[in-house]
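Chains as they are written, first to last, in the working numbering: chain A, 137 to 436; chain B, 4 to 312.
Honestly, the hints are just simulated from the structure, not real lab data. Keep in mind that this is a model prediction, so the values were computed, not measured. A portion of the hints provided could be inaccurate.
If you anchor each label on the Cβ, the simulated ranges turn out as follows [stated by the list, open to error]:
1) B/A129 / A/L203: 31 to 37 Å
2) A/K342 / B/H291: 42 to 48 Å
3) A/R184 / B/D31: 25 to 31 Å
4) A/R184 / B/Q175: 55 to 61 Å
5) A/R179 / B/A99: 47 to 53 Å
6) B/G93 / A/L216: 45 to 51 Å
7) B/D293 / A/G328: 45 to 51 Å
8) B/L39 / A/G399: 23 to 29 Å
9) A/D256 / B/E205: 29 to 35 Å
10) A/G328 / B/N87: 36 to 42 Å
11) A/L203 / B/E285: 51 to 57 Å
12) B/D27 / A/E370: 56 to 62 Å
13) A/D331 / B/P166: 35 to 41 Å
C-beta: ideal position from N, C-alpha, C; glycine also.
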Amino acid sequence: ARSQNAFGKGLLGLLARDHLDEDAWEEIEDSLITADVGIDATRDIVDRLRERTRVLGTRSAGELRDLLATELVTALDPGLDRSLRTTGRDGVPAVLLVVGVNGAGKTTTCGKIARVLVADGRSVTLGAADTFRAAAADQLETWGGRVGAETVRGAEGADPASVAFDAVRRGIDAGTDTVLIDTAGRLQNKIGLMDELGKVKRVVEKHGPIDETLLILDATTGQNGLEQARVFTEVVNVTGVVLTKLDGTAKGGIVIAVQRKLGIPVKLVGLGEGADDLAPFDPAQFVDALLGTEPLARDA
Amino acid sequence: MFDTLSDRLSGIFTKLRGKGRLTDADIDATAREIRLALLEADVALPVVKGFIANVKERARSAEVSQALNPAQQIVKIVNEELINVLGGEGRRLQFAKQPPTVIMLAGLQGSGKTTLAGKLARWLKAQGHQPLLVAADLQRPNAVGQLQVLGGRAGVEVYAPEPGNGTGDPVQVARASIEHAKRAARDIVIVDTAGRLGIDAEMMQQAADIRDAVDPDEVIFVIDAMVGQDAVRTAEAFRDGVGITGVVLSKLDGDARGGAALSVREVTGQPILFASTGEKLEDFDVFHPDRMASRILGMGDVLTLIEQA
Ligand SMILES: Nc1nc2c(ncn2[C@@H]2O[C@H](COP(=O)(O)OP(=O)(O)OP(=O)(O)O)[C@@H](O)[C@H]2O)c(=O)[nH]1
Ligand SMILES: Nc1nc2c(ncn2[C@@H]2O[C@H](COP(=O)(O)OP(=O)(O)OP(=O)(O)O)[C@@H](O)[C@H]2O)c(=O)[nH]1
Ligand SMILES: [Mg+2]
Ligand SMILES: [Mg+2]
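Here chain A stands alone, though its shape is the one from the complex (with noise of 0.2 Å):
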């Protein structure tokens, strides 16, 4: 069992409350601050809360959990589509391309998407777009091969675009259902590793249009994550975000941040490093995970 988080501790102190004073409203902002939801978003959602605590005549600290878990959920805008679009047109393989800054979990994304489709009856075909980082298309071959999912790779420090379009080509001659192209990690301020991404993207489309375009966002990111969606997004507009290592102490309330200023949802969550630690995103589920009430499990 995983201990409860600031605020589930502070929750308590709240209940002990008969009326909501001013440290009870510091204490709901720290343990937003403290899962990484950032200032900003911090204060419009406490500013909403209190408007809406007042309209209601709020007292109860038990109410007040609940109006503040539904002003996350609605942050969040649940009705957002987050389906994967993995389903290619007129025999053309559906390709996903997967981005993000070292070290956020791409390669192992990619396994376990493979993991999933397979399991659904699906053909894939991994690209090892990352001929950059020391092992990086021998780590995603061994994810293939675990998964069943053939790995087409090119010469180490080969151009990743050139990969990248025989990956898809490779996919649609062998008729397999998705190509889901893993790219090397960089760090969203670094330009020429950019550019290199958008050609990455240019070249693949020579097939046609990118399905899906993921960016790995790491749970454990603090306030950087914004800027890290904001860049790829604008160099290879991302349709969706994963967010990785939800498994730890991390709570990911980036996100937020991102759904909120961008728009772009967060369509799966990573629960850890096996093939199937891998869950659709519930926005309910994981507001609930934040607030310390209802940690995320493995099989959620």
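Use these hints to put chain B with the ligands onto chain A, whose structure you have.
Chain B with the ligands alone, transformed into the frame defined by chain A:
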């Protein structure tokens, strides 16, 4: 990307200009802005609270009220305190009296351990040492191969008796590596370990077992500079789980402010030894607390600002 502290403070400074003395309200207003800037830089909340309390206390003391320009003085205090918490002069690696010196790396998944192993090996070799890299991450797919490639680039031997990918006992490999190092006359052993979560009791125990098997002179906690509020909990878990003697901040070539540096220093009490600043083996530097202080607060701008205040 963010409002820098100088943006935040310039308004306050304008108001304070010409005032000979700061009221408590002035100090509170300045402290509030500094608090926000620290939070935006991802310094963990409990650390921010303690830090601000210190700053306020010093700001209320005689040194400020007697200063010529009190607002300027507060910012100087913040800067000094930051550098202070970040480690002042810093520290060098501790070497064993009887070689080999053993350096064990530990941290969360993807934080930059294996890359750092290669960097340390290259750096130490350039100083005339004979390092040995040890592949004790037998879990992450192709971690062993990754270390072998990096060892090749650094021109350093890699001890990798097990293939990894779930095969082999990392504790056993770590233990045997010390004998191997002695036989091969290596004077430094760098042990790469698998990434692990602070709350993964089994994996933390494994880390403790590796530590006990190699009796390291340094246990270096590698943490990603982009980490947010979780830095405190994770650092506590590694401090309690394996014991930390030093910290390396990785991915400092990014544009994260890196407030985690402050959090980790505060929690572990151990020095930040190095900054990892890129993917290539030469992207590596000793840690400079003063530069980090400026970075966390956008202090370069602030120092200019106080000159005008
Ligand atoms: N606990 C946990 N670990 C994860 C998760 N996803 C990935 N990892 C681990 O994080 C580390 C980095 O994962 P990778 O998939 O190699 O990350 P990447 O983004 O491809 O890294 P680069 O290609 O080097 O930029 C590995 O040790 C993974 O096993 C997750 O959801 N939970
Ligand atoms: N930009 C940048 N990338 C880095 C730095 N240090 C490591 N990386 C990259 O971050 C990713 C993860 O680095 P690794 O050294 O594999 O991290 P690790 O801690 O060994 O990861 P696991 O073994 O999976 O836990 C790789 O893509 C590295 O190239 C750095 O200082 N700057
Ligand atoms: Mg990868
Ligand atoms: Mg590693």
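A quick look at each hint next to the structure:
| no. | hint | result |
| --- | --- | --- |
| 1 | B/A129 / A/L203: 31 to 37 Å | 60 Å, violated |
| 2 | A/K342 / B/H291: 42 to 48 Å | 46 Å, holds |
| 3 | A/R184 / B/D31: 25 to 31 Å | 26 Å, holds |
| 4 | A/R184 / B/Q175: 55 to 61 Å | 56 Å, holds |
| 5 | A/R179 / B/A99: 47 to 53 Å | 52 Å, holds |
| 6 | B/G93 / A/L216: 45 to 51 Å | 48 Å, holds |
| 7 | B/D293 / A/G328: 45 to 51 Å | 29 Å, violated |
| 8 | B/L39 / A/G399: 23 to 29 Å | 25 Å, holds |
| 9 | A/D256 / B/E205: 29 to 35 Å | 31 Å, holds |
| 10 | A/G328 / B/N87: 36 to 42 Å | 37 Å, holds |
| 11 | A/L203 / B/E285: 51 to 57 Å | 53 Å, holds |
| 12 | B/D27 / A/E370: 56 to 62 Å | 45 Å, violated |
| 13 | A/D331 / B/P166: 35 to 41 Å | 37 Å, holds |
In terms of the numbered hints stated before, the structure departs from hints 1, 7, 12, listed from lowest to highest.
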